[in-house]
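Undergrad: Chains as they are written, first to last, in the numbering used here: chain A, 51 to 278; chain B, -9 to 282.
None of these hints come from the bench; they were simulated from the model.
No incorrect hints appear here.
Derived coverage of chain A by chain B (criterion: at least 3 residues anywhere in the stretch with Cβ under 8 Å from a Cβ of chain B; other residues may be distant):
#1 115 to 127
#2 152 to 163
If you only want the chain B side, here are some residues facing chain A, beta carbon under 8 Å, derived:
#3 F(-2)
#4 M192
#5 L194
#6 V195
#7 G196
Computed beta-carbon distance windows for the label pairs:
#8 P142(A) x T176(B): 19 to 27 Å
#9 L184(A) x S19(B): 27 to 35 Å
#10 A16(B) x E106(A): 45 to 53 Å
All C-beta atoms, glycine included, are put in the ideal place defined by N, C-alpha and C.
Each chain is listed here by its residues.
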Amino acid sequence: MIHMEGVSVVYPDGTRALSGVDLQVDRGEFCFIVGASGSGKSTLLQLLYRELVPTEGRVIIAGQDVAGLPRSRVPMLRRNVGVVFQDFRLLPDKNVWENVAFALDVVGASRREKFRKVPLALELVGLGEKESSLPNQLSGGERQRVSIARALVNNPSILLADEPTGNLDPDISWEIMQLLTNIAERGTTVLCATHDRIIVDGMRKRVVSLVGGTIVRDARGGGGYDEP
Amino acid sequence: MNLSMLEFLLQQAWQSIRRNGLMSLATSSNMTVALIILSSFFLATINLEHMADVEARKANITVDLTEDADPGKVEAALLGDQRVASTDYRTEDETLRDVAETLGLDYETLKTTLENPLPASIRVTPKNPQDVPAIAEAAENIEGVAKVKYRQQITEKLLTLARGIKIAGIVAAVLMGLATLLIVSTTIRLTIYARRREVRIMQLVGATDWFIRLPFILEGAFHGIMGGALSTVLVLASYSYTHMYVQQHLEFLALIYNTTFMVLFGLGTLLCGVLFGAAGSWIGLRTYLRHV
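Working from the sequences, and respecting the hints, build out all of it.
TA: Have a look at this one:
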């Protein structure tokens, strides 16, 4: 599903964010990207939703070279790659239902399609009851669930989560991780960038460790934050 | 594009206009002022051109005939010139009547008090007032022509004036147009800034650039419609008043005044507003959207 080969990213100011990254992630796989702040986790995810293009190397998603994608085709890629952030990025004046439907509105979905897909996505994240609440009436965990529902409502084959539990309590973080695992089990490839040691150690999933923009360890069979 | 997409786009545009109420009001007002200046200049230009044209058309050529001339032959020779629109043969008496009319004298008195010294003549109307001198020069060589007279200086002055006004109008239109574009693009840039969060999310969930741009372009067009409508009402009201005044006090000035002209003027102003609004948004978006 995801194939990175010899990928390097050098920012215009000369900072080298990634160097020589090779990574292969299969369909339905759950993979942690771990590392300290500034190790290149976010940069790696940004390559996958074409926020960045690599300076060197190739990034292939579902057989398509993302780096060579013309600007006009980027929206099509993004409909296939859901993204979730630490700060949720919800629209404060829209309720839960509208926030999720927003992702369908902008791709021109019909009313009928919205009424079919939004409840399914909200059901999946366990927020069926709260569809008319505004974001400020929700807890942090619930807000993150809304943002996950929005990322999933277009049925993407990849879900990228950039520090999804960064703003959440440990208990709530576990629930969110459980949700992401369920999503992966349904066939969506999930890449989760985090530096939450407890979560990673507890999940025993594949762990890719980045140090200074280089992959130093890839525990494919499942591992902890530090040890294989 | 389907119906729910259109509904979403219109909703986005309307929300943004409402949310930035004061800013929207300022932009529509700016657009109104710009369009008032633009359309007033247009009205002035087109009316002065019209007047110049009316005056220039009066500036025809008078060809005096010799006593033994064959008017038919001279007329035929004059009409042979491609630049001539029409000719009008005037007998000695008719020429006298014309002169009497021009000078404001009584023809009958004039005719009885003195022997008519005027020759028969042919009035030549040119197709294009600019050709007057050339036609006159050619007419001098026709057999049977005694003298050629025309009001060269007035014609040329009027035409020069009309040309000058036109150029000034175009320069003013371009400058005002640029200023309007700048105002609209700045407003739209501020609107995008206010909605950068929303735009960012739209980009992340796969909205196309066009889909992101359209609400802003609609917003710009909305300001254009508002400005266009308001300025049309204000300008046409003052134009009607001017027309009334001119009719009462300066009746020799020929202003264009009819329903078709007014309707076309209103539609033109609205269209200008919409185009300026949409183009201004487009410029604002082009320079800003990439950085959101």
